[in-house]
Amino acid sequence: MEPTKFENHIKETFKGSEIKPSEDAWNRIKGQIRNEYEPKRTGYFRHGIAAGFIGILILSVLYFTTDDATLNQEVQVAAKPSTPFVDKEKEELLKTPAPEEESVITAVEDSYEADEEKSTTVPKKESKRELVISEDAKLANAEELQNNASEGSNEEIDTKIAEVLARVNALEANNKELTDLEVDSLLRQAQKEILAQNLLNSDNKVNPSTLLSQVEEELDQSFRDQIFEKLRSGYNKVRTAVADRNN
Amino acid sequence: MKRLKIISFYNNEKVLIRKAILGHPNAQRAIYEKFAPKMLGVCRQYIKDLHYAEDVMINGFVKVFKSLNSFRHEGSFEGWIRQIMVRESISYLRKKQFVVFDDDVCEYNTPNQITFPSSIDIEYVQRLIDNLPEGYKMVFVLYAIEGYKHSEIAEMLDITESTSKSQLFKARRLLQDKLKEQSILGYGTH
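Protein chains in written order, with our numbering: chain A, 1 to 247; chain B, 1 to 190.
Be a bit skeptical, because a hint or two may be false.
[Stated by the list, open to error] So the derived list for chain A, only partly shown, Cβ under 7 Å to chain B, looks like this:
(1) Ile10
(2) Thr13
(3) Lys20
(4) Asp24
(5) Ala25
(6) Asn27
(7) Arg28
(8) Ile29
(9) Tyr44
(10) Gly48
Derived by calculation from the structure, the hints in this document are not laboratory data. Where is the CB? At the ideal position from N, CA and C, for every residue including glycine.
Using the sequences plus the hints, can you model the full thing?
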């Protein structure tokens with residue numbers, strides 16, 4: 001037999017040779033390969049935890065956003081009864097019989113109309129459909145609102161000064177002497193009315209954004225004082241002008 | 001019909017491999033159960049001690065499962081596992097034992113004609129191979145049983161092709177001598 005045949009014979013002999021491994025062999029393999037596959041499983045587990053956390057975050061954001069919306073609706077409903085009061089004030093002013101004040105009254109009416117127009121042009125900020133609004137965006141929004149409010153309030157202040165003057169003149173026409181305190185109280189009332197007017201938009205509904213900005217403004221009393229000071233100085237100027245004219 | 005069965009088996013093996021890659025313990029166990037006895041036989045051809053051969057087989061299977069996703073389904077899966085087992089056995093022998101490949105120049109004379117009984121005992125042949133020096137044994141098993149070429153053996157064992165040939169020649173001669181001694185050979189040389 002040639003060596004190649006000899007080798008072929010050995011090859012054939014070994015071809016089907018099998019030796020049964022011990023019982024423990026698989027457990028040893030399993031123990032070693034489990035370490036290989038476990039980190040992958042913990043990876044999936046971590047991904048699951050992260051996904052769950054993100055889900056909870058989104059749900060909580062949705063939940064709180066929905067709460068705000070319902071709150072806004074409640075505020076709108078609650079604010080409705082206050083509108084007749086403003087209308088009454090307007091009617092009273094129009095009814096006040098003082099010949100000198102005709103021009104003032106027309107000015108008041110014009111300013112009311114102008115206010116209404118302005119309030120309609122003010123963009124409605126309550127459409128907060130976005131899920132997440134950054135703090136910066138909120139701040140910018142509040143600043144814009146305050147600017148709009150202050151712009152509008154200048155015209156309102158003039159109107160209110162005219163109203164106060166009309167009242168004072170009416171009272172003086174009835175031979176009633178007014179003290180400084182009484183004038184101050186009239187000015188305070190006008191200030192309140194301006195603030196209340198700021199809360200209402202053209203539809204006589206409470207603007208939640210304005211309400212929010214008002215709440216923020218309450219923290220800083222200087223805004224109120226500013227309005228009061230403007231009213232007072234405006235009143236004094238007009239009084240002086242009228243007195244000078246009369247002289 | 002036969003062809004369908006072959007395709008079905010092939011697909012099953014593919015599914016099994018895919019599941020084993022994904023870490024399904026049952027698929028891994030099925031692969032082990034199917035190939036472990038054959039692979040222990042392969043390791044045993046190189047390593048005399050069965051316990052050590054089993055250790056090598058276990059390490060080989062761990063490597064099989066760890067690198068299962070690198071199997072490209074281009075050749076047979078059994079062949080791929082077998083290759084890992086052979087390399088693992090060689091690596092073991094080179095680490096644990098002192099393997100010497102003597103580079104003595106051999107005269108590649110025409111081999112002696114030897115007769116070989118048809119009903120040879122596998123354990124006896126295994127013992128003969130076990131008693132060969134490690135260098136001879138490795139080359140002989142790789143060439144005669146696994147069917148590698150000298151160039152491949154040279155690359156695997158980091159030796160020259162001529163060294164591989166001389167190792168094989170010496171292994172053959174030794175085996176012949178052993179067979180003569182044991183009187184398994186019916187006749188000696190002609």
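Quick rundown of the hints versus the structure:
1. Ile10: holds, 6 Å
2. Thr13: holds, 5 Å
3. Lys20: holds, 5 Å
4. Asp24: With Cβ-Cβ at 9 Å, over 7 Å, it is violated.
5. Ala25: Hint on alanine 25/A: holds, closest Cβ of chain B at ~6 Å, below 7 Å.
6. Asn27: Hint on asparagine 27/A: violated, closest Cβ of chain B at ~10 Å, above 7 Å.
7. Arg28: holds, 5 Å
8. Ile29: holds, 5 Å
9. Tyr44: violated, 11 Å
10. Gly48: This interface hint is violated because 16 Å lies over the 7 Å limit.
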